[in-house]
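Please arrange chain B on chain A, whose structure you already have, making use of the hints.
Listed here are the chains, written in short residue letters.
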Amino acid sequence: MLKELLEQSINKEEIIDFLSNYHAYDIAEMFNVLDEEQKNFVLDLLDTELQAEVLSYLSLDDAVEVLENLSLDEQKKLVEELEPDDAANIINELDDEDKENLIAILDKDEEVLSLINYDENEAGSFMTNNYLVVSGLDDVKDATKKLIKKAQELDSIQTIFAVNEDNKYLGQVSLKTLIRAKSPKLMNEIIVKEPTFYVDDDVDLLVKHLKHYGGYDVPIINKEKQLVGMISQDDILDIYIEEAEEDYQKLAALPDLDIETSTFKTAMHRIPWLIILLLVSIPSALVTSNFNGIVSAFVILAFFQPLILDAGGDVASQTLAVTLIELTKKDAKVFKNGIKEILTGVLSGLVMGLLAFIVTIILSNILKFDHSVLVALSIGLAVWVTVIMGPILGFLIPVIINKLKFDPAVASGPFITNLIDISSNIIYFTIATLILGGLQ
Amino acid sequence: MQNIDFNLPIVKLKEIMKNMHISDIAVIFEEEVLHRQLIIDVIGIKRFSEVYLYLNDNLQVKYYLKLNDKQKQELLKHFKLDDLKTFIELFRVSHHDEIFSKLNKDTKEKVLKLLKQDEDTVGSHASPHFINLSKDLSIAEVTSFVTKESNEQDEIDVIFLNDNKRFIGAITLQDLITARKEDDLNTLIDRTYPYSYEDDLLETSVRKVRNYDVLILPILNNKKEITGIITQKDALEIMQDDHLEAISGLVQLHDYEENSSVLKRTLNRLPWLLMSVFMNIVIASFLTGFSDFLNSNIVLVMFQPMILGMAGNIGTQSIAVTILGLHQEKVQPLRHIKKEFFIGLINSLLIGLVAVLVTFIFLYFSRSAEAFEEIKIVPIIVGISLFFAMLTSALVGVLLPFTLRKLGADEKAAAGPIISTVNDFVSLFIYFVVALTLLSL
Numbered sequence: 011m012l013k014e015l016l017e018q019s020i021n022k023e024e025i026i027d028f029l030s031n032y033h034a035y036d037i038a039e040m041f042n043v044l045d046e047e048q049k050n051f052v053l054d055l056l057d058t059e060l061q062a063e064v065l066s067y068l069s070l071d072d073a074v075e076v077l078e079n080l081s082l083d084e085q086k087k088l089v090e091e092l093e094p095d096d097a098a099n100i101i102n103e104l105d106d107e108d109k110e111n112l113i114a115i116l117d118k119d120e121e122v123l124s125l126i127n128y129d130e131n132e133a134g135s136f137m138t139n140n141y142l143v144v145s146g147l148d149d150v151k152d153a154t155k156k157l158i159k160k161a162q163e164l165d166s167i168q169t170i171f172a173v174n175e176d177n178k179y180l181g182q183v184s185l186k187t188l189i190r191a192k193s194p195k196l197m198n199e200i201i202v203k204e205p206t207f208y209v210d211d212d213v214d215l216l217v218k219h220l221k222h223y224g225g226y227d228v229p230i231i232n233k234e235k236q237l238v239g240m241i242s243q244d245d246i247l248d249i250y251i252e253e254a255e256e257d258y259q260k261l262a263a264l265p266d267l268d269i270e271t272s273t274f275k276t277a278m279h280r281i282p283w284l285i286i287l288l289l290v291s292i293p294s295a296l297v298t299s300n301f302n303g304i305v306s307a308f309v310i311l312a313f314f315q316p317l318i319l320d321a322g323g324d325v326a327s328q329t330l331a332v333t334l335i336e337l338t339k340k341d342a343k344v345f346k347n348g349i350k351e352i353l354t355g356v357l358s359g360l361v362m363g364l365l366a367f368i369v370t371i372i373l374s375n376i377l378k379f380d381h382s383v384l385v386a387l388s389i390g391l392a393v394w395v396t397v398i399m400g401p402i403l404g405f406l407i408p409v410i411i412n413k414l415k416f417d418p419a420v421a422s423g424p425f426i427t428n429l430i431d432i433s434s435n436i437i438y439f440t441i442a443t444l445i446l447g448g449l450q
Numbered sequence: 003m004q005n006i007d008f009n010l011p012i013v014k015l016k017e018i019m020k021n022m023h024i025s026d027i028a029v030i031f032e033e034e035v036l037h038r039q040l041i042i043d044v045i046g047i048k049r050f051s052e053v054y055l056y057l058n059d060n061l062q063v064k065y066y067l068k069l070n071d072k073q074k075q076e077l078l079k080h081f082k083l084d085d086l087k088t089f090i091e092l093f094r095v096s097h098h099d100e101i102f103s104k105l106n107k108d109t110k111e112k113v114l115k116l117l118k119q120d121e122d123t124v125g126s127h128a129s130p131h132f133i134n135l136s137k138d139l140s141i142a143e144v145t146s147f148v149t150k151e152s153n154e155q156d157e158i159d160v161i162f163l164n165d166n167k168r169f170i171g172a173i174t175l176q177d178l179i180t181a182r183k184e185d186d187l188n189t190l191i192d193r194t195y196p197y198s199y200e201d202d203l204l205e206t207s208v209r210k211v212r213n214y215d216v217l218i219l220p221i222l223n224n225k226k227e228i229t230g231i232i233t234q235k236d237a238l239e240i241m242q243d244d245h246l247e248a249i250s251g252l253v254q255l256h257d258y259e260e261n262s263s264v265l266k267r268t269l270n271r272l273p274w275l276l277m278s279v280f281m282n283i284v285i286a287s288f289l290t291g292f293s294d295f296l297n298s299n300i301v302l303v304m305f306q307p308m309i310l311g312m313a314g315n316i317g318t319q320s321i322a323v324t325i326l327g328l329h330q331e332k333v334q335p336l337r338h339i340k341k342e343f344f345i346g347l348i349n350s351l352l353i354g355l356v357a358v359l360v361t362f363i364f365l366y367f368s369r370s371a372e373a374f375e376e377i378k379i380v381p382i383i384v385g386i387s388l389f390f391a392m393l394t395s396a397l398v399g400v401l402l403p404f405t406l407r408k409l410g411a412d413e414k415a416a417a418g419p420i421i422s423t424v425n426d427f428v429s430l431f432i433y434f435v436v437a438l439t440l441l442s443l
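If you're matching them up, the sequences are chains A and B in order.
Residue 11 is where the first sequence starts when you use the numbering used here, and the numbers rise one by one after that.
Residue 3 is where the second sequence starts when you use the numbering used here, and the numbers rise one by one after that.
These are calculated hints, taken from the structure and not from any lab test.
Note that the coordinates shown come from a computational prediction; the quantities given were computed from them, not determined experimentally.
Keep in mind that the hints are not guaranteed to be accurate.
Have a look at the derived ranges for each label pair, beta carbon to beta carbon [unchecked claim]: (1) A/Asn-21 with B/Ser-140: 33 to 39 Å; (2) A/Gln-18 with B/Asn-166: 55 to 61 Å; (3) A/Lys-156 with B/Ile-12: 34 to 40 Å; (4) A/Leu-364 with B/Asp-243: 33 to 39 Å; (5) B/Ala-142 with A/Ser-193: 56 to 62 Å; (6) B/Asn-166 with A/Asp-106: 55 to 61 Å; (7) A/Asp-129 with B/Gln-75: 49 to 55 Å.
The beta carbon of each residue, even a glycine, is placed where N, CA and C say it ideally should be.
If we strip away everything but chain A, and leave its shape as in the complex, we get:
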């Protein structure tokens, strides 16, 4: 809509009027389809405050592009208007030279400066330091007065934090609770101490706690337990969503998804995984070659191989998913779950093996195979054992990876499945040899 409007009339007042009906998020969406000239034109029309708002809704890459096109002075003004953590993210993406130039002209007490130094995975890089801090000994009336006085310049007043005289975190209270509190009452009496995190904690840790404690503005402290920043609830929400999507992708052996990259690039991104999986399937070929004898004697076995591989793969993926879910919980009962999964495998495997046995017998009679009972027995037994093995691997592998301090989601679905193939093949052909071997 904005694009059409721009292409028709270039009357500034009309455009400004049009935009005033829209939320900054919607403006950002419309912004995305404009060409560079149009983008610059529209930006100039907006006041700095609205500029900053729209910028905060753009993707990081787009926001960086916009900032790069501005003069150094304009950049400074915009950065001062942005929320510190958003500003820090954008500045960190600039070219080194641009970044240094910009940092040099910012005011020394600009909040964003302290945030730039954090690694993008650390809690510190997500925090903002623009919120209200009061003393635990303040009366609620005074705290409220302070709040009203500073409200205009603060990014968020949803949560008010309280510290002691050494600036150590005591607790926090929501705006709505403070407003309803009646004097005389000390802040200490209404604040609640929420779980805190250190500046260099990994953001994954935060997400884990979030699932347990629910959403709130998270206080961030330094080693001396002093309050240095907070991560707002909506930023936590964004972090959570990103993590959730990552997990899903890893489970399907997909590299980081970017909907916008070119076809060729995306294909190249997925190739490494596919090649690794290809190489993992070689041991299976090795196993089969060792059992050439029994396979030649009973070609039937070749046709039932997918059954064994699928059964093993399916249950292994299920246990993998369950184990991954458990590992992300704060009170993980991983081993207890693991045992349950394995026992489930024993039970399911029995039923599946039984079904396989019966159906195979019926079919072999119809199609007149030799030694139908023994073949069916081999298959049924192989299914059972494979379905027990599946959960064992689906449980052990992510747990071991986790213990080695790697992200267990790396043990993705396809990876486990192909690994299981090797053990399933060994089980299948060994059982077949034991039962049918004498008949060769």
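Same frame as chain A, now just chain B:
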């Protein structure tokens, strides 16, 4: 997790538990079976009602049934409306009346209304605890209402304003308290404030909360009057459930619960697994037509897992990308299909070529090729089969979720065992046909 000594005097226990987070108390309640009544006495029934909702579903039901009438009434009294609805849904329908009988008439009516609404729409998840005032009030009147007259359960972070009952916008608490008495409310109202309708999908509303970064999202009926709200906290919870469902869907894990017994898990998963077993065997019998052919070319069996595995892997990637894209509502069907088709083409080609090399090297070193000719031909068979099998699998993986959606079915079923079994056999069929063709040349 803290270990609490329950032999301490109650006063001490009260102090300890006063500062504990609700979800931690819930964990302790679950574990300390003998001390449950003591815990309730220590924290009080009001706080207990907050803890209650953090307990696992089974315990919530079992424990409630053990309470006497008075206790039940007391507990239910403190539940917020939408939490009450979630709680009731844990019980079998035959039990609902018993619970309703413990509620007061007004609450009962409201809960019934919530229960009637369709699960997937946001209307059924909305909470009625919001502030909705006329735009004609003065700043002072609004402030006074918010600070003095609102219910404790009401969310006051955003105040919604109406013009003759129709929603026109909102003002945040932040803006309200920084306004001066003389300011006109009308100039401070944000008329671009986002909202959702009662029968919008839950997902859409949750996405709005995230996209617009709002603390509270108003839900309107078709007369544009506010009937409920969902909060950012709600959005997070819904997303957590959603995420769990997505992962579960990918591996056919239905209704997974941490505390379910071995028997329950088995029963849950068996139907799909048995179907997979059955189909596998039936289709396998069809392939036995190739028996004689395979008998004279046993070396081909060695590479079956490779064909099956790689077709499966590329299929999974394809399906997952498509489902994820559909889920995020970011995809344009034609563009996506075209893109995935080309990716499938490129990758199948590359893997096919690499496989030729790998297979050749393997055969050379393992000396399992019986005749010299096999060393030359088999790698080519494997490579070509891989190419076609993977391409087919990738295509199916892209088209299937779209087709399912068009037919009104859940696109996540595309990752199910039926599809993967059919996929497997199509791949094997391609393998045998290619082998037959090339070996008879």
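Cross-check of the supplied hints:
no. : hint                                 : result
1   : A/Asn-21 with B/Ser-140: 33 to 39 Å  : 37 Å, holds
2   : A/Gln-18 with B/Asn-166: 55 to 61 Å  : 36 Å, violated
3   : A/Lys-156 with B/Ile-12: 34 to 40 Å  : 38 Å, holds
4   : A/Leu-364 with B/Asp-243: 33 to 39 Å : 35 Å, holds
5   : B/Ala-142 with A/Ser-193: 56 to 62 Å : 19 Å, violated
6   : B/Asn-166 with A/Asp-106: 55 to 61 Å : 58 Å, holds
7   : A/Asp-129 with B/Gln-75: 49 to 55 Å  : 53 Å, holds
The earlier numbered hints that this structure contradicts are 2, 5.
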